[in-house]
Structures are given as C-alpha cells and as structure tokens.
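Protein chains in written order, with our numbering: chain A, 1 to 309; chain B, 1 to 241; chain C, 1 to 312.
Some clues are possibly wrong.
What the hints assert, rightly or not - Taking lysine-lysine pairs in the DSS-like style, the calculated list, with each CA pair at most 27 Å apart, reads:
#1 C:Lys165 <-> B:Lys109
#2 C:Lys301 <-> B:Lys136
#3 B:Lys78 <-> B:Lys64
#4 A:Lys38 <-> B:Lys109
#5 C:Lys165 <-> A:Lys86
Simulated from the structure, these hints should not be mistaken for lab results.
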Amino acid sequence: MTSALLEVLLQTLISGILLGGLYALIGIGMTLIMGVMKIINLAHGELMMVAMYVAYWMFVLFHIDPYLSVLIATPLLFFLGVGIQKFLINPVLKVDSILPENQVILTVGIGMVLANLATIFFTADYRSTPVNYATSAWYLSDYWRSSPIELSLSVPWTVSFGFALFITVALWFFLTKTDAGKSIRATAQDMETALLMGVNVKLMRVVTFGIGSGLVGAAGCLFIPIYYLFPSLGGQFTLIAFVITILGGLGSTVGAILGGLILGIFESMTATYVGMGWAPVGRFAIFIACLIFLPGGVASLLRRKRLGK
Amino acid sequence: MTDLLEVRNVSMFFGGLAALSDVSFGLRKGEILGLIGPNGAGKTTMFNVVNGFYHPSRGEVFFKGGKISGLRPHQVCKRGIGRTFQVVKPLQRMSALDNVIASAFLRVKGKGRAEEIAAETMRFVGLYDDRNVISKGLPLGKRKKLEIARALATQPELLLLDESFAGLNSAELDESIGIIQKIKARGITIMIIEHHMKVIMSISDRIVVLNYGEKIAEGSPLEIAHNPLVVEAYLGEEQSA
Amino acid sequence: MKRYPPFVALAVLAVLPLVGLSTYTMHVLILVIMWAVIGMAWNLLGGYCGQVSFGHAAFFGVGAYTAGILYSKFDWSPWWGIPLSIAVVSVFSLVLGFIVLRLRGPFFALATLASGEIMRVTAENWVDFTGGTLGILVQKRTWVGKTWYYYIILLIAAGTFLLVKKLIESKLGYYFVAIREDQDAAESLGIHTTLYKTVALCLSGALTGVAGAFYLNYMGYIDPFVVFGLHDISIVTIMIVMVGGVATYWGPFVGAVIMVLLAEWIRSIPGLGAAYQTLFGILLIVIIIFLPNGIVGDFPKIKRLLGLQRTS
Chain A
1 MTSALLEVLL QTLISGILLG GLYALIGIGM TLIMGVMKII NLAHGELMMV AMYVAYWMFV
61 LFHIDPYLSV LIATPLLFFL GVGIQKFLIN PVLKVDSILP ENQVILTVGI GMVLANLATI
121 FFTADYRSTP VNYATSAWYL SDYWRSSPIE LSLSVPWTVS FGFALFITVA LWFFLTKTDA
181 GKSIRATAQD METALLMGVN VKLMRVVTFG IGSGLVGAAG CLFIPIYYLF PSLGGQFTLI
241 AFVITILGGL GSTVGAILGG LILGIFESMT ATYVGMGWAP VGRFAIFIAC LIFLPGGVAS
301 LLRRKRLGK
Chain B
1 MTDLLEVRNV SMFFGGLAAL SDVSFGLRKG EILGLIGPNG AGKTTMFNVV NGFYHPSRGE
61 VFFKGGKISG LRPHQVCKRG IGRTFQVVKP LQRMSALDNV IASAFLRVKG KGRAEEIAAE
121 TMRFVGLYDD RNVISKGLPL GKRKKLEIAR ALATQPELLL LDESFAGLNS AELDESIGII
181 QKIKARGITI MIIEHHMKVI MSISDRIVVL NYGEKIAEGS PLEIAHNPLV VEAYLGEEQS
241 A
Chain C
1 MKRYPPFVAL AVLAVLPLVG LSTYTMHVLI LVIMWAVIGM AWNLLGGYCG QVSFGHAAFF
61 GVGAYTAGIL YSKFDWSPWW GIPLSIAVVS VFSLVLGFIV LRLRGPFFAL ATLASGEIMR
121 VTAENWVDFT GGTLGILVQK RTWVGKTWYY YIILLIAAGT FLLVKKLIES KLGYYFVAIR
181 EDQDAAESLG IHTTLYKTVA LCLSGALTGV AGAFYLNYMG YIDPFVVFGL HDISIVTIMI
241 VMVGGVATYW GPFVGAVIMV LLAEWIRSIP GLGAAYQTLF GILLIVIIIF LPNGIVGDFP
301 KIKRLLGLQR TS
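Starting from the given sequences, assemble the full structure and let the hints guide the process.
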C-alpha cells in the first residue's frame, strides 16, 4: 500500500471515529428511552434540532460559545423532554386503543410540530455557526517532522468528540454508581420487580425521557460548530439514532456506543470511497444487513462471548 | 405401542442456565399426564418446547411417531397439539365467539362451518351465553375457559393445559375439572401443569415431576405422593410456604 | 339493511359529476377518493393486522414509478401501469416483507419508515432509470377534463372497499385480527403468522401501488420527493386512518374527507399555509390523546360526550 492510500484510509478512519463518538451520544439518548419506556421517540432528531437552534442563537446573539451552550441547552432539553413525557406521552399510555404504536405516532406528531415551528420562526435557510476555530486543525507533521504520511485532526471535531466522550463517561457513572441511575436501570430491566423494590417507576420514566432529551440536546450543541443547521435536519438524525440502536442492540448502552462508532466509521468510508451522496444509502444498507444477519445487534455478540467463557 | 408424545433427552439452555436438562418421558393416548414441580422447575419451558416456541438445545420431541421439535408453533398445532397459556392471552378486542372461530378455521374452510364448530365448543365448555362478550371484559374464570375452548376448536389430539385452574374459586374449580374429564372422554390426551395438588392428584393418570429442570420422578399419583424425593422437593416447599 | 350503505354511497358518488361541479371541486373529490383507497390499503395491514407501517410511500412511489417508467422508457400508455403495478408492488412487498416482518411493533414501524426513505434515495440517484430528481413528466395527458379520472378512481375505490370487506369477513380477516391482538397466541392456535402478515403486506402494498399508478396518470408528473415523501405520503396515510377510524370500513373515507379538506382549507388561507404541518401535527396529537380509535371507531364516545353536553 502506498503511503498516499494509507493516508486517505487513516484520515477516513479518524473522521469516522470522531463522527461515531457524536453518533453514540445521540444513540444512547434514544436507547435509554427505548429501554425504560419500551417506545421509540421519533422526535429525537427534532429535539436535537431544537438544541442546535438554542446553541446557534446563543452564539449569534450573546456570543456564547456552542460548547458552553451545552450547559444551557442540556437542562432546557431535559425539561422539554420531561414536559413531553408528562403531558403528552403519559396520557396516551393510559388510553386504550387498538394500536399500541399510538405512542410512536404521537412522537411523529411532536416532531412535525417542532420542525414546522422552526421553519416558521427561523425560515428554512441553512445556517452555519461562524465560530473562529471552525476550520482550524492539528497536523501530524507539526509534531513529527519526519512523518512519512500527513494526517490532520480538525479542532472542533476533536473537541466535540472529547465532550461526547466526557458526557458518556459521566452518564455511565450516573447509571452505575448513583441510586437514581440504578433505579433507572432496574426499571429498564424489569419494571414489575422494580416496582416491588420500591422504585418510583413513574418518576423514572419521566426522568429518563428528560435525560434522553438532554443527551441529544448536548449532542446538538456539539454538532453546531461542525454542521449545518436547518429545520428539517431532525428526521435524518432520528433515523441515525434508530439505526444505531438496532446496530447496538435495543436498550443496550454499550451497544449504542459501539453502534455509533461502527456507523460513523462506515459512513465515513462510504463518503470517501463511494461518494458523498451515497452515505445515507450506506446507512440503510448496514441497517438492513444488521436486521437480517444480526437481529440482536452488537449487544447480542457481547453477551454470547461472555457466556462462552 | 409407541407413545402419542415422546420427549427424548430434551435440554434447554438460556444463556448458560439449563431450564431443562435431559428430560425424557412419554404420553400414552387417552391419558391425563400431570406435570408438576416447584416454581421455576421448567414446566412452562417444557410446554414451550413441545409447542414449538422454543427449539430444544438438545434432544428431540416426537408426536405420533414424527419429529416435531424444530417446527414452528403453527405447524405443531396443525399436527394436532393445542395449548393454553398460564397468563391468559385472549384476543382482547374480539368477542369470545370470534376468538374461537379464529382457531376453528385451522381445520375447516368455510366461515359457516367454523362458526358451527365454535358454537359447539362454546357450549361444551359452558361459555355459550357469553359468546358475544368482548373477551377482555370476561372475568378471569371465563377467560381461562375461553383459552380451553380456543385450543379445543383447533381439534387437537393432545391438549396442553398450563395452569388452567389457578385463581379459580371452588365452584369454578369443580366445573373445570368436569370439563377436563369431558375432554378426556372425547379421547383427547391431556398434559396439564397445575399447582393445585388436590386437583392434579385426582385427575391425573400419571404424573411427571420436574425440579430445577430435571425429571426427578414419574409414576401414578399414589407413587408420587409417597416418593421421598418429591415430598422433599415439592410438597415440602408447599407446606413451608 | 346493513348491506345497503356502500351501494347508496356509490350511487350518490356516481351521479355527483352529473350535477355540474367545478373543476376544482372535482379535483378535491378525486384526491379524497384516492386517499381513501390508500387509507383502506393501510388499514388492512395496520388496522386489522396490527402492523403499523410508516413507509407506505414506498408502495405508492413504486406503483407510480412503475407506470411512469413504463411510459418514459418503454413508451407504453401509463394506464398499463395500474394492472402492472399490482404485480410489481406485490413482488416488491414480498422482498420487503422478508426483511421487515421479522420485526415487531415499533421496530416494524421504523423499518418500514427506513424502506420508504431508501426508495426515495434510490429514485433520486438511479438517474438512468428514474430520471432522478427531475422526475417523470407525461407529455400528453389522456383527458383534459376530470370526469373520467373521477370515475376510474371511484371504480378503484369501490373495488378496494368490496375486497377489504370480503377479506375481513373471511378466515383471512379473523387471522389478521388474531395476529394484531396477540401474535404468540395466534401462532400457537395454528396461524402461520409470517405467511399471513406477508399476505396482508402484499395486499396492502399492491392496493397502495395502484393508487400510485393512478396518481401518475392523473397528475402527469412525479418526482422522488412527491411520491416517496415521508410526511406528505406515509404520515398523511397514517393520519387519514387515525383520524377516520382504525380497523373500520368507513374510517379511511371519513379521514380522507377531513384531511384533504383540511389541507386545502389551510393552504387557501394566506399566512396559515406555512404552518400546515404544525396544524396537522397538533390534530394528530389531539386525536391520539382523545379519540385513539378515530372518529368512526370512537363514535359512541363522541355521541356520549355530545349527549352529556346537552343534558348539563
């Protein structure tokens, strides 16, 4: 392999991992909600869009850096999620209907409203946030002069990835070490037992929807320095989140992280070697392949391995 | 003479846990076989293996001489095995009669014929008066009967009854025992899971006892009642509970 | 007596054009009936069999493109697309069903959603065959007036209605509902759930495909965004059935009337047009919370509520 080819491959791999880290954060939010509530939130991407507009306007109006906006958008989205769960989803859970998928359809309705309101208020224009570090990068040759190949690391991508990693670790800590986190995991595993153990399942559901929304809100802020913003971008990210949860195994947090990375690398590869426009097709291809060949997702592989010992 | 149903060295693993290990037994035509054991002994798992929901990790199941393990539930049902569920699964938004019609279609083509079979089955289990009730509105006792009616309407040769008596009051209990004896009189073989010891001892011809996924005893109700292993594993638990 | 309403409705609809309606009214009527066909098709799979599809645009689009490609590549009359789309969409549904029918509930819903999107992306990128984003334009429409289009879609709707009614009252209908209510129970009662779900998917898909083929003939133009639209086709289809009544014969008609009229009304009001998705979304949310089985399905509930208001 010539060094030029290797360079492209490594560069693609790096972009893929960086993208994957952010995808993982989006996927975890959805998988958490799916695990605890057994429903799919099809407004997931739209919630991210809302957070992105928050971060965008914070920057444009008050010059608040998007990374700082994580601290503003995350709690805001948390409460938005709590409100959606409490006032819209909970009432629907109570009514008896022929189709249990009503909840999913409900979230579609919520997504439609959010996307359309964004169009009305902010127009359908594509916006990018003019942060001054948008195009800066670190170069390998700056640190290793005799390096045979040249690789670059985009500053905003890397910082976003770092934040995503930090948030993921914090979430893991919350879920495994704190009482509230343990209660959420108990609810996800077995709601009836959790009830018997005195877990406030109802509260946990509301909180979980809040956390899921908060996470995707944080992801939105991390995407702002590196991505365009437009009102209808939500649908695409809802699909990405869903593909990740299928890839990772439903309800599995570790699976979602791996799923995010796999999808990120795969998309990056498709974009480099097949063509930019085909990235969505690659996304669907991996989704369908996973449904056929690995219905339990990556999590089922992990489980199999553990039991094999 | 070969058995109607033969379970041969069946093991079922979930992950690393053995829900059933190396269980074998046979079922003769026309008898009632009781399947008992403490909670988690693998009784319902055994039903799910026979019925085709699970494919055994090891071993085989034969019905009328043909291998049925590995078939899907609808194929097993078509061969002549009907079942009920421990947690009743009525088709909630259908009327009781429609529930039974849906399963009667397995053996007949026309709707008229399916309706006749369903009506006859409803009379047989004593639900005819409730035929037009939407099934989620039925009380538990009647829903349990509906389960039996539904399974019967598929015209099985073997009927698997999973705790059809749990939660019934004593009048309903007597009635259900009567139904089961009537089913037996029709020549249908029955395998039944039951916690109610008096019932199982009185209606079973033979009993198989499972404990932690293993068969620990098999014999007539009298033999089982005096088997020390069974007394220790099962009756002991009942008394202490 | 119960057998007459469909025939009465058909008779009324058949003489309607004779009273001399405006072109616009005819256009709205055609749209209503076409959407009712799609709604009935969706209802067969979603309402009766319980497999909620978020991707009926895939069937609609494949039907429309079958007619369109027949015209643009093979120079046939696009009307042949109507019978041909039955075959093409059935095969397409079989392939799709093989993948998506292993999933249950919401996961099925999302897999169908993805399949609709896949079809759109494919139609956009497969330029040689589909014409890409430029779409397909039928140069010379068959008729200038609306009357014949109206009768054709009315005929399709009447056929669909009878077919759905016949099916639902037969063994197939019992099996569909049994699968919807409890797949495990259905399976252990001897119902080959995979087979019957596939049957429901193919029937539903083929009927939707026919509507798509009609759409091409009627509108004379299609492109990937129009016929594979997630919101404008797939979601609107769900809304029509949700608003009208899930698993009812008349629900899709009621839903189609309401949705088409609502859309036309909203678009006609200046300043409100841009917000039509918000209004649709709010309507969807309200219907799901208050009338989860739709107007026809929850009619007793509506009557009761109105009755209460009168007495108080």
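Need the list of violated hint numbers for this structure, in ascending order. 4, 5
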